[in-house]
Structures are given as C-alpha cells and as structure tokens.
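> Below are the chains, spelled out letter by letter.
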Amino acid sequence: MSKKTPLVVLVGHPNVGKSQLFNLLTGSQAVVSNYPGTTVELARGKGKIEDSFVEVIDSPGFYSLSALSPEEQVTRLLLLRERPDLVIQVIDACNLGRMLSLTLELLEAGLPLLVALNMMDEAEAAGLKIDSNLLARRLGVSVVPTALVARRGLKQLCREAAAVLRGSSRAQVPRTPLCYPAVLERQLALGESCLKGSYGISRRAVVISLLHSDPVLEREISTREGSSQQLRLLRQALHSVPDPLLQLAAARRRQSQILLKGVLAVPSAEPYSMAERLSRFLVNPWSGGMVLAAVLYFGFYRFVGGFGAGTLVKLLEERLFLQLIAPLLNRWAELYLPWTWLRELLVLDYGILTLGLRYTVTIILPIMATFFLFFSLIEDSGYLPRAAYLINNLMEKIGLNGKAIIPLTLGLGCGTLAVLATRTLESRQERLQAALLLSLAIPCSAQLGLILALLPRMVALLLWLIMIMLAFCAAASGGALLFGRESPPFCLEIPPLRLPRPGAILTKTAARLKWYLREVLPLFIGISVLIWVLRYSGLWPRLIAALQPPLAAIGLPPETALIFFYGFLRRDYGAAGLFDLVRTGLLDGGQVLTAAVVLTLFVPCVAQVAMLGREYGGRFVLLVLLCTAFLSWTAGLLIYYLTGIPLIMNLLG
Amino acid sequence: MIRKPVRELILLHRMKPGQKGVVVSFSEPGDSAIRRLMVLGFLPGEIFVLERSRPDYLIRFGYTRLAINKRVASMILVNKMTGTMVNR
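Chains A and B are the protein sequences, given in the same order.
So for the first sequence, my numbering puts the first residue at 486; every next one is plus one.
So for the second sequence, my numbering puts the first residue at 7; every next one is plus one.
No lab work stands behind these hints, which were simulated from the structure alone.
All C-beta atoms in this analysis are idealised placements derived from N, C-alpha and C, irrespective of residue type, glycine included.
There could be a bad hint or two in this list.
[Claimed, not checked] Going by beta-carbon spacing under 8 Å, a handful of chain B positions derived as facing chain A:
id, residue
1, Arg13
2, Glu14
3, Leu15
4, Gly24
5, Pro35
6, Leu43
7, Met44
8, Val45
9, Gly47
10, Pro50
11, Ile53
12, Ser59
13, Pro61
14, Asp62
15, Arg71
16, Leu72
Hey, can you work out the whole structure from these sequences and the hints?
Spelled out as structure tokens, the structure:
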C-alpha cells in the first residue's frame, strides 16, 4: 500500500484556479489524455508535496456529485474508482457561500478532503472577511486561504496536504452533521443498507448519485453489486420522495448558511468596479455586439486567418519547406530509395513526409498556435461566456445555443479543428447540427481568400453569398428536421472579468497545441497512405472520370473534375486549381461563379471527413457526404439556370 | 426597522430588468437546466436581481451571474420585490 505513489485529485467549480494549483504542484508537466471509456480529457502529472512524490489529477470543472455533464460524471467515476489519498477542493473565496455545498457533498462521500480557499486577494479587494480557522473547525477539515496567482498560501497548503497524506491529520466528524428531511433520510438509509460492494466514496454518496441516470456509473455499480435489478428498485424507491434533488440541494444550502454564520462577513455595498462597468458594456446588445464583431474580425479573421493561416503558413510552407526541405528530401530519396513505390509513399507530391508531416507542421501548427493563443486569451479573461450570452438568441433559431459560437467561428479558420470543437456542445443533437453546418455551409480560410479573389465583380460575389446563405438555411432547417428542434435549455455561468496572465495563457496554448497535433498527425499520415493507394490501384483516373457527367449537367467542362477532386484532398488546392483554370480563359463568368459556389459547398476536405468519422461515426459521415454532394450540385444547377438568363449573364460579363 | 416589502408572485420571464426577486419554486425540478441552476446555488429562498432580459435573461445573486434563456426563465416562479428593499 505504501509502495504506491499517493494520488491527489483536484476538484472544484470551473474557473477557481484548479489548473493553476495543478501547474504549481507538478511544474506544468501534464499528460492530457481521455479518461478510459470517455471522451473527457484529464490532466495527470507527477508532482511533489513537501518531500514525497505524488500523482496529481486535475479534474474538469465540477459543481456537484449529482453530476450532469459528461465531465462531471467522469470526475465522479474517478473518485469512486481510484480511491484518492487526498482530494483538494479549490474554492473561489468570493463564492464561498454556494461552493460550500460541494464541500459538504465531498465530506458526505467520506473523501480525505483539504480545502484551498483561493482568490483571497479578490475577496479581500471586494471587502469580504472570512474566518477560515473557524470554518475549518466547523467542517472538521483544514481550510487554507490562498491566492495561487501570487503563490500565496501555497506552502501552508502543501504542509496541510502532507499531513493528510501522512495520515497524521484525519478528517474529524463535523460538529453539525448534515440532516435531510425525515422521509428522504429514511430512503437514503434504506438504500445504503441495500449496497454491499466496496466503493471509493461512501455508500450514502453512491445512493444519492443513483438519482440521476448515468449508464457508465450504473454499470460500475451493478458489477460491484452483482445485480442491476436491485439498483432499479432502489432508484424507484428514491424517486418516491417528491423532488429529491431539490430537497438535497436545499438541505445542503441550509447547512452552508449555518456553517457560515460568524465565518463570512459581507460588505453592505454592492460590488461595482471597473470590471463590473466593462462587463455591462460587453453584455449590452449594441455595444457588446460591436465588440463581438471586432473580436471575431480582428481576432479570428485577421489574427488567426490572416497572420496565422496566411503570413506564417506562407513563411513556413513556401520559404522553409518547399524551397529548402522538400528538394533535400526528394534528392535524398532519389539517392537512397531505388523503389518508386516507396519513394511515392514517403516523399514526392503526396508522400507521408511531404504531405502528412508537412501539413501538420507547416500549415496546421501555425494556424492552431495563433488560434489557441487567441482563444485562451478570451477564455481566461471571461469574455467567451459573455459572447455566448449575446449570441444565444440567434443561435437558438438554428437549433444551437450560444456556446456554438466557438465551433462555428472556428469553421471559418479550419473545419477539421471546428469539428473537434463541437465536443464542447452539450447535447448530441447540437453537436450533430453544428457538425453538419460546418461541413456544408461554412467555407474555411483556405478557400475563402481564393474564392474572394476569383469573384471580382460585386454581382458575382453577391450571388455567391446568397447561395451560401441559402445553403446555410437549408442545412439548418434540414438538421433541425433530422436531429430534432427542441429549443435546448440554456444555462451558463458568467464568471467575473479578469486580466489574463501571459504565463498561464502560454502554458495553456502549449498544452492544447501538443494535444491537437497528437490528434491530427495520424490523420494526415493516413491521408497520405490513402492517396498512395488510390494512385497505385488505378482508382484515381476513374474517380475523376466519374465526376465529369454531373459537372457537365451544370455546364462545367471536364477539366474542372480534377479541381473538385483536389478540393476534396485539400480545400485551397481546389480553389488554387480553379484560379489557374480561370487564367487560361477556359471558363466564362457564369461558369466561374458556378464552380466557385459548388466548390464552396462541396464535400468537406478529407481531413475533416476523417475527423467527422472519428467523432460521430461512419453513418453520419455518409449522411454529410450525401447531403453536401446533393446540395452543392443543386446550387450549381440553380446558378447554371440563373446565369442562362441574358440580363444576369450581361451583369456577370 | 424592518418594513414588510410588497411582493407579487410571477414567473421570472415576466420580470423587468433591474427588479429584485426571491426564488419560490421551479415548475419542472427534473429539467436539466433547472438542475444546473440548483447545483449553482440558485434555490428557493435565493434573492436575486434580473440584470437584463434582452437578448436573454441575465441574473445575479451574491457574486454569481448566470445567463438563461426564456424557456428556463419561464420555469422559475419568483416573488417580485417591489417598493421597499428588505432591510437586514
């Protein structure tokens, strides 16, 4: 037992400084990975508390053991399975009143708890006075006031943590035990007596967690109990009590209020500061709307799209890779690899090194680095939830909610990443809807610039825009039809605005970048191999030939087939191909417009398709491919007939 | 001196920005958004201010601020506090 490295789990509400504590304990050496059987990421790291080595897990934001979101369910599962040696709850001192409910739940679960009363600097600035010693005595566990931003209280926190780990500081029985209404109390006691298995949390906490349906947890419990029949009966009995969840929450809050009497002194004046004034400015639809537009334009379009996807990519890809590294690689391959097939697999135009690795390093890396940098900035400052609030109403009209602003904006940068970001949405319906919209009607930065350059005439650009909007609406209503259109309940906490710290942002950006590269690198290598197989099996020309008849139907010459095929491999290759074709003068104004619209709406690029498949399965990919192929072709047909009208033809030139 | 405030029982989405209220009950305590509100500490008895009602509802209680949509707001029964504030 003592041979094993002690396990420390950090828990707490979102935005309270858990990750900060994690970084302080582990020196930012985190390994981020999915918790087994879920898509939720957890950061694990080796750290040191006083003189002993420990393993630290940073859990995702967590409001209650009565878990709702997949992230919370994972944290609960973790506590139940792993039997941590120490649980540190990080609390935002300003919100002690409502965060104490979670403390009570953790104590009820019998976990070895230590409370870090963080952000004491902010609480003091707001005029709050907290007697942490009195609170500690009442709770029966140590409560350490900290301001982790300034490392304040870290030493004492470590000292207390070491004491709990040594076993010299045991949680005492709280002076005032948590009491539930009699009917509920009886059912809980009954439930406890039914359980026989052994858990990392108390039986009472297990019974309470059964109040919500969570299949993973139920499986876990039924394997320990040996029967699932009994669990069902237990849950039925619990639900015979009216509104058990409300009663539990109310009892915990009553208890918190009792505990805080004499502990917490709140100033009588309302909080009203610079940050508060700025916050009001940001949530006002007029002023906030303008800020949102500026953030989207300058942050995402100019910084990520322009600087990251333009300047940096050009620098890395053209200057560094195409001019320096690629010729070297090809020459090396010619010298040492006598087999053409191997040479084509590794280098030349579509090889693993020249396409797979090059995409990842010279294109994805700069785009994602600028994106994650900006994203971490608006996330840490607390701007993001305010933007979500502003846009929620509009988003609900297309079956999404305000949080979808993240993946949809991302889509203008890179669709593959955007599909990955749909994970942040709550319901499966929203995730599928957002993924469909992204695949269909949101052009990524790779093609956007070239398309805009292709359509110099206002009329053409306007027609293109109208077609894309039409497709967006069609996809939105189609998606609503397919995945259901219940206006999703929206409830979002708006944290206070904070000045982001550069160090934290850089750490966060680096961690995310590392994670993302690990996700996409295998994808791009897979694509290189796929192209190689296509070329060697002789399928390549046949695929291009198969594209020609439908293109002829919308008035496009057979030469364009190659463009669309390239467009599938990489969006900007398609757009660039079209650009070249236009310069040869093969296409008239109407045909250019048709090709531009169809290319924009055409099936997503192969990387995005692979990501869609990984996140949502093969059936969804098939649906997306069929929808996009059909919709883009229909739009092309529409434009073909429109441009046949002499008036419009004259306008297009 | 404690003056008894005038109170009026209404649904939260009928309140006007700037008004104060006390949560009385939820019409659907099982709804996922309501459960979220409960774990956030927005429970019967809580005093709050409705800061904005457009484009969506923005409520503040203590040092916590929440955004909810009309669907959620219409599930919350509140006692609107008009006239005098509660002196405590």
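> Verify the interface restraint on Leu72(B): the C-beta must sit less than 8 Å from at least one C-beta of chain A.
Nearest chain A Cβ about 6 Å off; hint holds.
> Please check whether Pro35(B) passes as an interface residue: C-beta within 8 Å of a C-beta belonging to chain A.
holds, 5 Å
> Would the hint on Glu14(B) stand, with a C-beta cut-off of 8 Å toward chain A?
violated, 23 Å
> Restraint: Met44(B) near chain A, CB-CB cut 8 Å. Satisfied or not?
holds, 4 Å
> Against chain A, is Pro50(B) within 8 Å by beta-carbon distance?
Holds. Min distance 7 Å.
> Would you check whether Gly47(B) satisfies its interface hint, that is, whether its CB is within less than 8 Å of any CB in chain A?
Constraint on Gly47(B) satisfied, holds at 3 Å.
> Restraint: Arg13(B) near chain A, CB-CB cut 8 Å. Satisfied or not?
With a closest approach of 20 Å, the Arg13(B) hint is violated.
> Holds or violated: the hint that Ile53(B) contacts chain A, with Cβ atoms closer than 8 Å.
Interface hint status for Ile53(B): violated (12 Å vs cutoff 8 Å).
> Leu43(B) was flagged as interface toward chain A. Is the shortest Cβ-Cβ separation under 8 Å?
holds, 6 Å
> Hold the hint about Leu15(B) up to the distance rule: shortest CB distance to chain A must be less than 8 Å.
Since chain A brings no Cβ nearer than about 18 Å to Leu15(B), farther than 8 Å, the hint is violated.
> With a cut-off of 8 Å on the beta carbons, see whether Asp62(B) makes it to chain A.
Check passed: Cβ of Asp62(B) comes within 5 Å of chain A, closer than 8 Å.
> Taking 8 Å as the limit, does the beta-carbon of Gly24(B) come near enough to a beta-carbon in chain A?
At about 12 Å, which exceeds the 8 Å cut-off, the nearest Cβ of chain A leaves the hint on Gly24(B) violated.
Checked against the numbered hints above, the structure breaks hints 1, 2, 3, 4, 11, 12 and satisfies the rest.
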